[in-house]
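Just so you know, the protein sequences line up as chains B and U, in that order. Note that my numbering numbers the first sequence so that position 312 is 312, with each residue one more than the last. To convert, take the position in the second sequence, counting from 1, and add 448; that gives my numbering.
Keep in mind the hints are simulated off the structure, nothing from the lab. Honestly, I wouldn't trust all of these hints.
[To be verified] Now the in silico label distances, taken between C-beta atoms and shown as ranges: (1) U/SER458 - B/THR334: 57 to 63 Å; (2) B/HIS22 - U/HIS650: 38 to 44 Å; (3) U/THR498 - B/PRO205: 51 to 57 Å.
[What the hints assert, rightly or not] Covered by chain B, per the in silico footprint, the following chain U stretches (three or more residues, Cβ under 8 Å): (4) 488 to 502; (5) 574 to 580; (6) 624 to 635; (7) 641 to 655.
[Claimed, not checked] Heads up, simulated EDC-like pairs for lysine to aspartate or glutamate below, C-alpha to C-alpha not over 20 Å straight-line: (8) U/LYS616 - U/GLU630; (9) U/LYS468 - B/ASP440; (10) B/LYS388 - B/ASP148; (11) U/LYS656 - U/ASP644; (12) B/LYS152 - U/ASP517; (13) U/LYS540 - U/ASP602; (14) U/LYS640 - U/ASP625; (15) B/LYS388 - B/ASP192; (16) U/LYS620 - U/GLU654; (17) B/LYS65 - B/GLU84; (18) U/LYS468 - U/ASP484; (19) B/LYS78 - U/ASP635; (20) U/LYS473 - B/ASP149; (21) U/LYS662 - B/GLU82; (22) U/LYS514 - B/ASP148; (23) U/LYS514 - B/GLU111; (24) U/LYS649 - U/ASP625; (25) B/LYS391 - B/GLU126; (26) U/LYS468 - B/GLU111; (27) U/LYS468 - B/GLU126; (28) U/LYS514 - B/ASP220; (29) U/LYS468 - B/GLU84; (30) U/LYS649 - U/ASP633; (31) B/LYS79 - U/ASP517; (32) U/LYS662 - U/GLU641.
Heads up, the beta-carbon is just placed ideally off N, CA and C, and yes, glycines get one too.
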Amino acid sequence: MSKKLVLEESAGYNQKVIEYIHRASATGLYEIRGMGAKRHLPSFDDLVFLAGSASRYPLEGYREKCVTKTILGTRFAKKPIELETPITIAGMSFGALSANVKEALGRAATEVGTSTTTGDGGMTPEERQSSKTLVYQCLPSRYGFNPDDLRKADAIELVIGQGAKPGGGGMLLGQKVTQRVAGMRTLPVGVDQRSACRHPDWTGPDDLAIKIQELREITDWEKPIYIKVGATRTFNDVKLAVHAGADVIVVDGMQGGTAATQTVFIEHVGIPTLAALRQAVDALDDMNMRGKVQLIVSGGIRTGADVAKALAMGADAVAIGQGILYSLGCNSATYVKNGEHLSAEAEYAALNTAPGYCHHCQSGKCPVGVTTQDEILEQRLEPLVGAKRVKNYLKTLNMELTTVARACGKSNVHHLEREDLVALTIEAAAMARIPLAGTDWIPGHSRF
Amino acid sequence: MESLDLHKISVRDLNHFLHKEAPAKGVKQVEVLNPDGAHNIAAGMDYATTIDIQGHGGYYVGGMNKHADITVHGNVGWGVAENMMSGSVRVKGFASESAGASGHGGTLIIEGDASLRCGISMKGIDIVVGGNVGNFSCFMAQAGRLVVCGDAGDGLGDSLYEAVIYVKGKIKSLGADARVEEMTDADYAAVKELLDRAGFKHDPKEFKRVASAKTLYNWNADANQEY
Ligand code: SF4
């Protein structure tokens, strides 16, 4: 009689951990990859809406109006940003993304009446031209940062940190630092670019206040100034940013994506968006600044339901990065050329991955032409096709958002409120401080 | 010449004048009285005019300057001429931290000493310092030249890219990937030209050249993770 093979995987040293140790031992370097955290985290999926019923009445889904207009930067700026929707496109650099993609994002954002954002590497003429409303990032590296583009921007986003890597600087590996990218960043071609994590000309919040004033002086107090923080000590960070004079705060949770960073950052640094959002709203409430300083939340916003939940918890708007990449065809088995779907499976295989599992933006060899500077691969994403897809995606999210808002009886998506939500898990209830469904229980705040 | 007194008007009024009214009127010379360490004086200039600041400036004097020639008849705070694109800024006294940070072009001259991180992240600016520079000067400097007529502090040129540093005095320590290199004829000529521009009398033969060893340009598992 043959012996039965018994394979018992260790929980602590499972296949993934063994693979990690083998890889580290073979290379002596940490892994660098793109996209966001892959582990399970408490998220907006753990919340559901209490729609209208007998105690509250809903609005007619297709007949009664539901306003989505969103205004950002009303505190000090002479020219606040007016958007048709609270769903914006997050900062992603030319360098990480191809010029075609930047153009596609500008076109899509303009068509749906929202904003798009530059990234670590400056503003390209293509994106300025295609974007009606463009937010210009001021990052620690200051690559390509200049007063002409600053004056051309509609808003300025001073980036202190990013959800995927709070406390870490940008990264662009040599294969993506082409002639054009290097020229814009004043770097040697092919260098493994590791940007600074601190700004070169200010450190603490008191300096930051003066820096903000400088940017306002340079732009004659016209443009809203956003401050973006990666989610860690969000309550304190938001308070300091408000104190320093921000018009808008952007909080990026740990589900936020990146073009390239160490996996240890992506999976182990920062707090989930759900927890960060509640802390940010509490900070604004504490300072009596709700409605005066607007709050944008990002990091794992994928669906109209996510947007609605973020707004109900107190955000004024959301910013989406990874969802936009997926909308452009990221992790799709095919790309579209002259209206035809062509297979990209071989290119995924060359990266040792498969559609649905790819996180190889750092490689510069994006199988679908989204996060690449390769002249041949970037042709796989035609700007007009990309723009159409992103426009469809954003429109769908907006429709889902208004559907939920109407069901909750709101004629304006900004009227969604915390009382419209309950939590499905104890973790989410504790982090979002929203009662567990069917109870009044908020762990740590009320008794079961 | 237009004379503006910061005891009588705000920095906002001053900068509004410099950005809008001065170019419209074709003003070629401006004097700023009683600066008293105010921040952001003459930030965001985009017009060729001469500005004399009669006293001390605070943070970001001449920040992001284009075209203007600015002289501070005193000391300055952090980030003087940060992200300068063109034109010039001359500080008659001392400069605090991050002088010329991330500057793309133009010339920054500091007649006294410059504090920590002088020339940090610079991207093409020329900086000439009459005295000493503090620790971590030229940290991650990408392009441009820094001339130091006195001594340099710790960690000079840490993680340098293509910027070049010339130092006359002692270097307390070099940062990761920075090294002292032989001066060539082109270096002597460059130092002479920069000293002449600043109006400083030194012999270029007395300067050392510090540049990147370029060992950190690409990932290297054997580099002992010094980066
Ligand atoms: S398909 Fe492209 S954009 Fe998506 S994860 Fe892979 S490399 Fe990145």
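Verification of the supplied hints:
no., hint, result
1, U/SER458 - B/THR334: 57 to 63 Å, "holds, 60 Å"
2, B/HIS22 - U/HIS650: 38 to 44 Å, "violated, 58 Å"
3, U/THR498 - B/PRO205: 51 to 57 Å, "violated, 35 Å"
4, 488 to 502, "holds (count 4)"
5, 574 to 580, "violated (count 0)"
6, 624 to 635, "violated (count 0)"
7, 641 to 655, "violated (count 0)"
8, U/LYS616 - U/GLU630, "holds, 14 Å"
9, U/LYS468 - B/ASP440, "violated, 59 Å"
10, B/LYS388 - B/ASP148, "violated, 30 Å"
11, U/LYS656 - U/ASP644, "holds, 18 Å"
12, B/LYS152 - U/ASP517, "violated, 24 Å"
13, U/LYS540 - U/ASP602, "violated, 25 Å"
14, U/LYS640 - U/ASP625, "violated, 26 Å"
15, B/LYS388 - B/ASP192, "violated, 34 Å"
16, U/LYS620 - U/GLU654, "holds, 17 Å"
17, B/LYS65 - B/GLU84, "holds, 14 Å"
18, U/LYS468 - U/ASP484, "violated, 24 Å"
19, B/LYS78 - U/ASP635, "violated, 49 Å"
20, U/LYS473 - B/ASP149, "violated, 25 Å"
21, U/LYS662 - B/GLU82, "violated, 47 Å"
22, U/LYS514 - B/ASP148, "holds, 10 Å"
23, U/LYS514 - B/GLU111, "violated, 35 Å"
24, U/LYS649 - U/ASP625, "violated, 31 Å"
25, B/LYS391 - B/GLU126, "holds, 18 Å"
26, U/LYS468 - B/GLU111, "violated, 34 Å"
27, U/LYS468 - B/GLU126, "violated, 28 Å"
28, U/LYS514 - B/ASP220, "holds, 16 Å"
29, U/LYS468 - B/GLU84, "violated, 32 Å"
30, U/LYS649 - U/ASP633, "holds, 19 Å"
31, B/LYS79 - U/ASP517, "violated, 31 Å"
32, U/LYS662 - U/GLU641, "violated, 26 Å"
Hints 2, 3, 5, 6, 7, 9, 10, 12, 13, 14, 15, 18, 19, 20, 21, 23, 24, 26, 27, 29, 31, 32, counting from the list given before, are not met by this structure.
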